[in-house]
Amino acid sequence: MRIRFWLWVPLALFAFFAGLAAYMLTQEKEQFVASTMIGQPLPDFALPPAFGALPGASKADFTGGKPRLLNIWASWCLPCIAEAPQLDALKAQGVEIVGIAIRDRPEDVANFLSRYGNPYSRIGSDTISEVQLAIGSSGVPETFVIDAKGLIRYQHIGDIRADDVPKLLAELEKAR
Amino acid sequence: MIRWLFAGLLALIALPLSMPGLAQDTMPPAPYAYNQLDDPRLEAEASTLMHSLRCLKCQSQSIADSDAPMAGDMRHQVRSRILAGESPDQIRRWLIARYGDYVSYEPEVSSTTWPLFAVPVLVILIVAGVLLRRLGKRRGDDAGEAA
Chain E
1 MRIRFWLWVP
11 LALFAFFAGL
21 AAYMLTQEKE
31 QFVASTMIGQ
41 PLPDFALPPA
51 FGALPGASKA
61 DFTGGKPRLL
71 NIWASWCLPC
81 IAEAPQLDAL
91 KAQGVEIVGI
101 AIRDRPEDVA
111 NFLSRYGNPY
121 SRIGSDTISE
131 VQLAIGSSGV
141 PETFVIDAKG
151 LIRYQHIGDI
161 RADDVPKLLA
171 ELEKAR
Chain C
1 MIRWLFAGLL
11 ALIALPLSMP
21 GLAQDTMPPA
31 PYAYNQLDDP
41 RLEAEASTLM
51 HSLRCLKCQS
61 QSIADSDAPM
71 AGDMRHQVRS
81 RILAGESPDQ
91 IRRWLIARYG
101 DYVSYEPEVS
111 STTWPLFAVP
121 VLVILIVAGV
131 LLRRLGKRRG
141 DDAGEAA
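Quick note, the sequences are listed as chains E and C, same order. Under the numbering used here, the first residue of the first sequence is numbered 1, with each subsequent residue one higher. Under the numbering used here, the first residue of the second sequence is numbered 1, with each subsequent residue one higher.
One chain only, chain C, in its complex shape:
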């Protein structure tokens, strides 16, 4: 009886674990998914770019860090495009044209993200203004006392 219960429990645990396995393809990875480019300079360019692109399947990883098949296909795109002579910036823009800013881990200035860049500058300006006024006043007072 206890053995049956135990087996049932094991099956309950194993079932959800085995489910994601079902939803995976069995195809070999794309040629440049796990193979580096021969030219170390080009590979370095590709690698820098891949670390700054978000995996669409596993959204908190870069495509360089992910083993998802789709991330592999994205790495293949990056490497084969670099090999074909495209610049990393061109490839990034190609992806942003398809997936929006979302695909880029490097924040882009756009109509939705500009406050991210504008607010800190504004705060620094305000703080600088306040400090200048206060310090200026105090120095003025010191000068007054000294006189």
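Looking at chain E on its own, in the form it has when it is part of the complex:
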């Protein structure tokens, strides 16, 4: 009798794993890769201006005074268009937003900003995704909260929706 019972164990285990696999297949896959640089200082960088009208961006622009947003974006990125009004709303709340344009051309940047508004205080041009890789960002758009000491405090992946704005404002307040 005891032996009979133990004979069922492998089958039960198999059924458990098959069930688990079937369940996991139906679950939404987390396809974002989060940065593991949260709590770390911003790496050293100095990027040239992305277009004529605004200065470029460097690590030094993030130190002193108040926390800021670092927005990774590109003129060729469709969700960045959807995000533009929310960046404007954040700017209206007094938030300084420093942009980094990924793999972009000056004329395209200028065109995008004239069409969808310019919420940035400065925009650095990262033509080979160098700074993007250095801060652990894996796509556009992404937004980082950087505190006054230059520490990376929070990462928002994907475009900022209207209901993400309060969360970002709270994270900026926390980084104060």
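Simulated from the structure, these hints should not be mistaken for laboratory data. Glycine residues also receive a C-beta, built at the ideal position from the N, C-alpha and C atoms. Heads up, a few of these hints could be off.
Partner residues are not named here, just some residues of chain C that face chain E (Cβ under 10 Å, in silico) [to be verified]:
1. Pro-31
2. Asn-35
3. Lys-57
4. Gln-59
5. Ala-64
6. Asp-67
7. Pro-69
8. Met-70
9. Asp-73
10. Pro-88
11. Arg-92
12. Leu-95
Use these hints to put chain C onto chain E, whose structure you have.
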């Protein structure tokens, strides 16, 4: 009428196909994205490393296999860092510090992955224990019968 329907159908098919094209940049690839290093020894080092790094945009490909612009930029990082004298291990650790174990196709032992390595060893030990006990017993019985 049928012609219009057909044209509409074609447009419906073509629209989603053309969408990803819109979300691509028009910049030329980074210098070392598609150009090999001059020194074949260094290029071999870079190539081995690139095959073991995951593309962040196209997550089931290595950066060596992917044509995504970001994979090209990652290859540029790998090659230019190798050229600057960094070791493949240093570069891998630099990327893992930014993206976690995820970026590595070679499983790393860490606080989340250690069971992957521990469980097989444990199973082998248990099986070895059971086998030894059973075989040992049987040999003992054989010895008993022979006597």
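Status of the hints after comparison with the structure:
1. Among the interface hints, the one on Pro-31(C) holds; its C-beta lies about 8 Å from the nearest C-beta in chain E, closer than the 10 Å criterion.
2. Proximity of Asn-35(C) to chain E is violated relative to the hint, the smallest CB-CB distance being about 13 Å (cut-off 10 Å).
3. Satisfaction of the interface hint for Lys-57(C) is found here, the shortest Cβ-Cβ separation to chain E being roughly 7 Å, below the 10 Å cut-off.
4. Satisfaction of the interface hint for Gln-59(C) is found here, the shortest Cβ-Cβ separation to chain E being roughly 7 Å, below the 10 Å cut-off.
5. Annotation: interface hint on Ala-64(C) violated; nearest CB of chain E at approximately 16 Å, more than 10 Å.
6. Hint on Asp-67(C) is violated. Least Cβ distance to chain E is approximately 14 Å, over the 10 Å limit.
7. The restraint placing Pro-69(C) at the interface with chain E holds, with a minimum CB-CB distance near 6 Å, inside the 10 Å limit.
8. With 10 Å as the threshold, the beta carbon of Met-70(C) comes within range of chain E, its nearest partner Cβ sitting at about 6 Å, so the hint holds.
9. A hinted interface residue such as Asp-73(C) counts as satisfied when its beta carbon comes closer than 10 Å to some beta carbon of chain E; here the least separation is about 4 Å, so the hint holds.
10. Taken as an interface hint, Pro-88(C) does not check out: its beta carbon lies about 16 Å from the nearest beta carbon of chain E, beyond 10 Å.
11. Proximity of Arg-92(C) to chain E is violated relative to the hint, the smallest CB-CB distance being about 13 Å (cut-off 10 Å).
12. Below 10 Å, beta-carbon pairs count as interface contacts, and Leu-95(C) has one with chain E at about 8 Å; its hint therefore holds.
When each numbered hint is compared with the structure, violations occur for hints 2, 5, 6, 10 and 11.
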